[in-house]
Every structure is written in C-alpha cells, then in structure tokens.
Amino acid sequence: MTTTHKTDPTDNAAHKQKGVLSGIRVLDFTWKTVGPWAPRLLTHYGAEVIHVERAGGFDDHRYETHRSIGTDDEKPNHIQGGKNLYTDPYFNTLHHGKLAISLNTRNPEGLKIVERLITQCDAIVENFSAEVFPNWGLTWERIHALNPKIIYMSSSGFGHTGDWKGYRSFGPTAAAQSGLTLASGLPGQPPAGWGYSYLDVMGGWMGGLALMQGLLQAKKTGKGFYIDYSVTEGAMTMVGPYLLDFQVNGRRTRRPDFPPGNHAIFPSVAPHNTYRCSGADRVGQYWWVFIACETQAQFEALCALMNQPGLALDPKFATNEARVKNQDALDAIIGRWTRARRRYDVMHKCQGAGVIAAAVQSAEDRVEYDQQLHHREMHPIINHPDLGDVAYEGYPVKMSRTPAFVHGRGPMLAEHNQYVYGELLGMSETEIAGLRERGVI
Amino acid sequence: MSGVYEGLTVVELADRRNQWAGKLLSDGGARVIQIEPLKGSPGRWCGPFVNDKPDADNCLDYWFNNTGKQSVALDFARKPAQDLLRQLLARADVFVESTRPGTLAAMHLDYASVSANKGLIYASLTDFGQDGPWRDYVMNDAAHLALGGTMASSGYSDPTVTPIGGKGNQAWHMGCAFVLHGITVALFDRMTSGAGQYVDVAIHDACGIGTEGAVPHWMYFGETMYRQTGMHANAKRVPPLELPAADGKYVMAINQALNNRTWNALLDWMDEKGVTGELRDPKYQEEAVRTAEYRQGTLIRDSIRKLIAASNAEDCFHRAQNMGISWAMVGSAEENYGIPHYEQRGYWRNVEHPQIGRAIPYPRGPFACDALGTEPRGRAPNLGEHTRQVLTQDLGLNDQEIAALAAAGVML
Numbered sequence: 001m002t003t004t005h006k007t008d009p010t011d012n013a014a015h016k017q018k019g020v021l022s023g024i025r026v027l028d029f030t031w032k033t034v035g036p037w038a039p040r041l042l043t044h045y046g047a048e049v050i051h052v053e054r055a056g057g058f059d060d061h062r063y064e065t066h067r068s069i070g071t072d073d074e075k076p077n078h079i080q081g082g083k084n085l086y087t088d089p090y091f092n093t094l095h096h097g098k099l100a101i102s103l104n105t106r107n108p109e110g111l112k113i114v115e116r117l118i119t120q121c122d123a124i125v126e127n128f129s130a131e132v133f134p135n136w137g138l139t140w141e142r143i144h145a146l147n148p149k150i151i152y153m154s155s156s157g158f159g160h161t162g163d164w165k166g167y168r169s170f171g172p173t174a175a176a177q178s179g180l181t182l183a184s185g186l187p188g189q190p191p192a193g194w195g196y197s198y199l200d201v202m203g204g205w206m207g208g209l210a211l212m213q214g215l216l217q218a219k220k221t222g223k224g225f226y227i228d229y230s231v232t233e234g235a236m237t238m239v240g241p242y243l244l245d246f247q248v249n250g251r252r253t254r255r256p257d258f259p260p261g262n263h264a265i266f267p268s269v270a271p272h273n274t275y276r277c278s279g280a281d282r283v284g285q286y287w288w289v290f291i292a293c294e295t296q297a298q299f300e301a302l303c304a305l306m307n308q309p310g311l312a313l314d315p316k317f318a319t320n321e322a323r324v325k326n327q328d329a330l331d332a333i334i335g336r337w338t339r340a341r342r343r344y345d346v347m348h349k350c351q352g353a354g355v356i357a358a359a360v361q362s363a364e365d366r367v368e369y370d371q372q373l374h375h376r377e378m379h380p381i382i383n384h385p386d387l388g389d390v391a392y393e394g395y396p397v398k399m400s401r402t403p404a405f406v407h408g409r410g411p412m413l414a415e416h417n418q419y420v421y422g423e424l425l426g427m428s429e430t431e432i433a434g435l436r437e438r439g440v441i
Numbered sequence: 001m002s003g004v005y006e007g008l009t010v011v012e013l014a015d016r017r018n019q020w021a022g023k024l025l026s027d028g029g030a031r032v033i034q035i036e037p038l039k040g041s042p043g044r045w046c047g048p049f050v051n052d053k054p055d056a057d058n059c060l061d062y063w064f065n066n067t068g069k070q071s072v073a074l075d076f077a078r079k080p081a082q083d084l085l086r087q088l089l090a091r092a093d094v095f096v097e098s099t100r101p102g103t104l105a106a107m108h109l110d111y112a113s114v115s116a117n118k119g120l121i122y123a124s125l126t127d128f129g130q131d132g133p134w135r136d137y138v139m140n141d142a143a144h145l146a147l148g149g150t151m152a153s154s155g156y157s158d159p160t161v162t163p164i165g166g167k168g169n170q171a172w173h174m175g176c177a178f179v180l181h182g183i184t185v186a187l188f189d190r191m192t193s194g195a196g197q198y199v200d201v202a203i204h205d206a207c208g209i210g211t212e213g214a215v216p217h218w219m220y221f222g223e224t225m226y227r228q229t230g231m232h233a234n235a236k237r238v239p240p241l242e243l244p245a246a247d248g249k250y251v252m253a254i255n256q257a258l259n260n261r262t263w264n265a266l267l268d269w270m271d272e273k274g275v276t277g278e279l280r281d282p283k284y285q286e287e288a289v290r291t292a293e294y295r296q297g298t299l300i301r302d303s304i305r306k307l308i309a310a311s312n313a314e315d316c317f318h319r320a321q322n323m324g325i326s327w328a329m330v331g332s333a334e335e336n337y338g339i340p341h342y343e344q345r346g347y348w349r350n351v352e353h354p355q356i357g358r359a360i361p362y363p364r365g366p367f368a369c370d371a372l373g374t375e376p377r378g379r380a381p382n383l384g385e386h387t388r389q390v391l392t393q394d395l396g397l398n399d400q401e402i403a404a405l406a407a408a409g410v411m412l
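Quick mapping for you: the protein sequence lines, in order, are chains A and B. No gaps in the numbering here: position 19 of the first sequence is 19 in this note's numbering, and each next residue is one more. No gaps in the numbering here: position 211 of the second sequence is 211 in this note's numbering, and each next residue is one more.
Bound conformation, chain A alone (with noise of 0.2 Å):
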C-alpha cells in the first residue's frame, strides 16, 4: 500500500520516513486521549494514519482549550480552518505524525466515502461509544465485508459487549473502576488517583500494543480480525497481585491500612517514602524527594550520609523487620536531615552511596534539569509552520536496525483533504469541491 505523491517540505506526515511499519495505512476516528495515542503510536514506525475529524464535531483537545499555542489567546479558538486553529498542547502529542482530513460521517456521501477508505486501510481505529459505528452502518460484519484483511479495534471503557457496554468511560472512569484509582492514597484519606489520567495514557499504549499485534497476526494469517479492547480490563491485568491476594488469602484492598502513602508493603521495606525538601514549586507545592532502602548496606550508607551511623546500631532500626515496625520514627528523623537540604542534592549524593533516591520531579523539571532524559533526546525539536520549532515529547523504544522516530508536529484541521481525496481516493478537483458544497468534508 505504498503511494506516491507530491512532498510539501512542511508536511507533517510520519509516514514520509521509512520505517517497519511503511506501506501500513490507519483509519483513525479517535479523539480525546486514549483512543488517539494507540494509532499514534504506530507513527513512530513510519504508518500512514488519516485521522478524520467530523466537521462540526467535537474533541475537547482540538477546540476546547482556554488558550490556543498558535494566539496565545485566552479565548478559545472555535474558528475551523484558520492556519491559527491549533489548539490545545495535547492535541500535537496526541495526534503528531497523523494525517487529518474532515469528513462528515453524519452524511451519507460522507458515510460512502468512509467505506472507501476502509478498503484502502489495514486498520481502523474508533473509541466512540459503543452504539455510533453500528448506527453509521459500520458493524463488524460490514466493515469485514469491505475488506476482509482489515483489523478492527474499538476501544472502550467496558468493552463492546455485555451489560455496561452502552456505559461511557473516560480514563478516571476506567481507572475508578479498575481498582487502580483506590490503589492510591494515604491510609484513612480519599483516594489520591493517578493525578493525570494514567488509564487515557497507558491506556492507549496499552491500545498501541494491540494495534501492533493485531498487525503482526494479520501480517501472518493474512486474515482480518476485530478487537474489543476494554481498558478497564486493561487496568485490572494491572492490579492482579491484589486480586490473587483477595482470592488466597481473602485480603482486600478496601481495608483500613491500604494504600500506604508512600510506604512499601509487598515487600515490607523501610526506610520508603517521599520527604521534604528546601523549596516549593512555582504554584507552591513544596519539594520532595524519594527515598528508599532495599538492603541492609543501602541503610547503613544512608546512615553514613546523615551523620548518624549509630542509627544503624539503634535496635529501633537495626534491621529491616524493626524499621518497618518504627518507620514513622525513621521517617522523621530522614525528614529532619532532608528539610533543608536541595532534592537534586539529596538525590545525588544518596544515589553516589547506592541508595535508591529520586526527586519528584515535575515536567518542568523533566524538560529543563532532568539530564537522563536530555542525553535520552527525550525532547525531540520539530518544525510547526505557525510557531516555528517547538520540542516534543519523544518515544522510548530505540531499536539498533529499524530505528523507531518522531516524525512531524499534529495536523492542521483538514490539512490531507486533498492528499486522501485527490490522490488516495482519485477524486477530482470538481468532485471534491462538490464534497466540500455539499458539506460532506
């Protein structure tokens, strides 16, 4: 499925670079954040991924933003087609490398124009809700009958079929239900979550990965399939100790001394915990850092480190068994030597005497100080055509043969009308302007 066609040097498109997956083309109808990330991530190996987006429609990431990176403007952007229409961050992470075309599937030329696309596809990709692909017409079946090679993976907050497949989910909806969200607090709080939504992202890597087998199996068997990835049962393959624990030992994890802050519980080990450090963040939050001890000779070096290697002597803390049984002492006195001190300081000094150590770090910090991540080109520089060269967030699977790569900024809104009409689906110039008169794209 190689195509040929015209290169505009601004053209954000990944599949323009070589890569294993070349030649694999997506049908992408995802928005938000889970279901975008899964074909995204297909870009970094060089797959053509055409993301439709319904004129008119809605995608919280495309439009509804208080600023937009292209005006800086504290009002939203909801003016389609402007070059300015570039709205929220997240939407270039999420959708960088993609293809965008507008089509209004709520038409039926547009609904024709969808079929045709799939017979040119090896994948589709949809998290709507569970009853708008069928209502288009676009059952399994149908979609099979189109192209009996093609993949199909839907991707939901509770899967497709069973009681609570018409129930709508977002990434703290999935990760709530899961068992994930409860998994995260200090004992005897509400629970603390996944701050951000742990469940859209590694939610949609999760996707990613499906994606990727899918086509590996289709690559073997030659024959098309459909997935039904529920991403709440995604996250509960993540909790699976506890479910174990609940069903041997009949322990749950709704009780009173779980989650355990920053504690350790399987397995016990102590010292475990954030601590507090010299200064805030710029809205005030203070600073901290991760501490932890897995040995007895990690312990006594941080011993060393504090000025108090007598505490390694004291039976309060001599063993692990006893520090465990008195951490809040040990926390305290830790706290105590961390309160003044730098967290880089802190971090450092204890990871040169080999104990486990790790600021919390923001994303400012990530992107400015974080020299891991640096020397890692973590934050790969790409050219956008309104805002120059901005840095992206890269992807972390480097390969030694077929180098994965970060190819091209998120699309403009339409931006491959012409490329997927005009060339992949050889319409002509008349034809698509009537689409266009018609309101179908």
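Hints listed in this document are in silico derivations from the structure and should not be mistaken for laboratory results. On a predicted model such as this, the values are computed, not experimentally measured, just so you know. Fair warning: there could be bad hints in the mix.
Stated by the list, open to error - Heads up, simulated EDC-like pairs for lysine to aspartate or glutamate below, C-alpha to C-alpha not over 20 Å straight-line:
hint, chain 1, residue 1, chain 2, residue 2
1, B, 236, A, 115
2, A, 149, B, 370
3, A, 165, B, 110
4, A, 220, B, 6
5, B, 53, A, 281
6, A, 165, B, 6
7, A, 149, A, 109
8, A, 325, A, 281
As the list claims (entries may be wrong) - Cβ-Cβ distance ranges computed for the label pairs, FRET-style:
hint, chain 1, residue 1, chain 2, residue 2, range
9, A, 436, B, 264, 36 to 46 Å
10, B, 100, A, 314, 26 to 36 Å
11, A, 375, B, 221, 22 to 32 Å
12, B, 297, A, 310, 36 to 46 Å
13, B, 79, A, 388, 30 to 40 Å
14, A, 348, B, 358, 47 to 57 Å
15, B, 236, A, 106, 28 to 38 Å
No residue lacks a Cβ here, since even glycine has one placed at the ideal position from N, Cα and C.
Chain A is fixed; fit chain B onto it per the hints.
This is chain B only, laid out in the frame that chain A set:
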C-alpha cells in the same frame, strides 16, 4: 487457540521489572523460559504469599506475573551457567533482560556476543537505558514514579501534603508496554527481513512521557500543574470531582455534557433526594446556561455533591451511566469479581493451582480478541521446575552432565 506469539521461544532473565512483559508474551502463546538464580527470582520473594508464609513457590505477585512460563534455575554468576544461557540464546527468538548495563557484556552475553543468531530480538528493559549520566543510578518502582513525573501530578489538593506514587508497580508496567511495542514491531519486521535486532527501553523514558498535558503545558505556556485530590492535575484549580457517597465510598463524578436527556434525569434524581435547590428554574433548561453555571458557578456542583452524599456509590455509577454520564464508583480490585458484565465477556480464566488444590480466576488480559489469543496459559512455574527438561530436551545434555552441573552447584 493460536496466539499472536505462538511458536516463539522467549528467554527471560528473571527480574521484577520485565516479568509482566514476559507474561504477556506467554499469554500470547510464546514459550517463555525464565532463567532464575538458584534462590529464585526476586519476584518470588516480594509477597503477598499464600497464607502470608514466605515460600518461593507461593508468592502471589509471582503467580500473577509469570503465568505459563517455564523456570530454569541456574547460578549464572558461574561460567558453566553462562555457557548454557548462551546456547539457549543461540536458538531463541526473543531475549528479555533487565540487568544493570554492562553486566551481561562482562559475561560475553551482550547483544554483540550472541548476535550470531541473526534472528534474535534482544530486548533490554532497564531503569535508564544503556547510556546517559544517570545510567547506573539505583531505582525501584516508586522512585520511577517520583523521577518520571507521575507523583508530581498525583496526590492531594493541599500543596503542603506529599505527592503520592500509586501501588501495583505501574512504572514497571509502563516500561513493559514499550518493550512489548519494540519486540512486537521487531517481530513484524523479522517476518520479511529475517533479521532480529537490539531493543533498548528505559523505564524512566517511558514514565517521562506519561503525564498527559503536563509536559506540553510547560513547554508551550510555562505552566505548572496543581495536584488535585483524586483528579487530573491541572494548570488551574477546579472544583472536586471525587465525592463521598452515603456508604463511605467515593464517586468519580466526571461530567462531560449536560444535554436535555441527562439534565432532566438528573433533576428527577435530585428531586427524589431533595437536593434540587434552584435548578428547576426554567433558565437552566437552556443547555448553554446550565453549562456555564456548571463551569463557573457552584449551584449545580453543590447539588451534585449533595446528591452523591445521599446515594450509595454503586447506585450513583449505574444511575448516572444510564443517564449517559460517565460517573464511576471508586471500586477496589477485588470488587470486580462477581460482576455479571465481566462474566458475560468471559473475562475470568481459571488457572489451576495444585499448591492450594483449586483454580483461581485470573484476568483474561486487556483485549477481547480470539484471533490474538492472549490469555493465561497455565500457572506460574515452581522454582527450577523445568531446569532438567530444558537442559536435556533443548540443549541435549545427558544425565552425567546434569549430575556434574548439580554437583558443582550450578543448578539445583
């Protein structure tokens, strides 16, 4: 069932960081041979244990993360064990390891030393990857959540309270997701090229891109995220969405739309609980008006808070969902058992456990897809359960050679 990884032989060097990746390879049908030290993988000793009694063969965390694998126990600090591992790698499709960078090179087991097997996909999942200034720093899962950015976004709205790293080894899971990407795509490539390659994934890199809008917001706007109790971190403080219900559980009241159907159903429910307040005012029949009130005002949010406080969490979940709102109950992992929805989807797969004389329902895995065939292929192995089998059948050792290895303390 022919799984996506059927027919592949994977050698996995036992480590808590990579074992979930190996499990998903096994669940997909690969034969996964886990090489463990004689005292067992660290994954066997973390707990929880059956009846809380520490035992290498009765660690539940290990059971979950090692379904269907084979266990070969060898002292690979010793040269004869290293030679056996080298022979296994000469015929393997995939190698997964998480040793400190440089460890395997010293044993002549690095990629360069074993890449005579042209098809081998050699995947290293380590804390920081194979290079960089922090390469040799020592970490655990929580340390990655701190350094990688998860913690800074997770916790409580009070800026003086510690950020929180959640439980369940999620940093390692994030690393595993990417190493599986690399392996799977390398297998895709190998089908045409015939060639394997080296895959280097750092858990820190993986966590580092996992904080949603936090990095783009810093890059584009210079904004810092506030931690908010049980909610998304955000550059602006927003009212709470994680709300306590009448039964003491919490409801995640994430609202995305208040269309007419949803609004009227919500008002009926509020009427039942006597918490409607002024919301029957006809002006709120205008979607734009109530949306503005929800976003900027307190009336709707107050009524929702009271509504949830007067209802049970599970009722909130179902009733809201049936109205088209994506609310959730903050449930516990174990509360997923017995829910008809998951039974209907065939989510639970029984795995026999002779140790306790019965089967346990395990999750099928993330994807419902017969064609991928991913599900647990059997219980986790006992320590060294397959050592003899692998040495005789795969490597062709005879009884005398095995006796000599055992006598030398290289194997159990």
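Distance restraint between residue 325 (chain A) and residue 281 (chain A), which requires alpha-carbon spacing of 20 Å or less: At roughly 33 Å apart (the allowed maximum being 20 Å), residue 281 (chain A) and residue 325 (chain A) break the hint.
Could you see if the CB distance from residue 79 (chain B) to residue 388 (chain A) stays within 30 to 40 Å? For residue 79 (chain B) and residue 388 (chain A) the Cβ distance comes to about 57 Å; the hint is violated.
At the C-beta level, are residue 348 (chain A) and residue 358 (chain B) separated by a distance inside 47 to 57 Å? holds (50 Å)
Holds or violated: residue 149 (chain A) with residue 370 (chain B), Cα cutoff 20 Å? holds (16 Å)
Under the criterion that the straight-line Cα-Cα distance not exceed 20 Å, is the pair residue 165 (chain A), residue 6 (chain B) satisfied? violated (30 Å)
Range hint 22 to 32 Å (beta carbons of residue 375 (chain A) and residue 221 (chain B)) holds or violated: Since residue 375 (chain A) and residue 221 (chain B) have Cβ atoms about 26 Å apart, the given range 22 to 32 Å holds.
Distance restraint evaluation - residue 100 (chain B), residue 314 (chain A), Cβ atoms, bounds 26 to 36 Å: holds (31 Å)
Taking 20 Å as the top limit, are the C-alpha atoms of residue 220 (chain A) and residue 6 (chain B) close enough? holds (11 Å)
Does the Cβ pair residue 297 (chain B), residue 310 (chain A) satisfy 36 to 46 Å? violated (59 Å)
Taking the beta carbons of residue 436 (chain A) and residue 264 (chain B), is their distance inside 36 to 46 Å? holds (38 Å)
Does residue 115 (chain A) lie within 20 Å of residue 236 (chain B) when you go C-alpha to C-alpha? violated (42 Å)
Under the criterion that the straight-line Cα-Cα distance not exceed 20 Å, is the pair residue 165 (chain A), residue 110 (chain B) satisfied? Given pair residue 165 (chain A), residue 110 (chain B) is violated - Cα atoms ~48 Å apart, limit 20 Å.
Violation of the numbered hints given earlier is confined to hints 1, 3, 5, 6, 7, 8, 12, 13; the remaining hints are satisfied by the structure.
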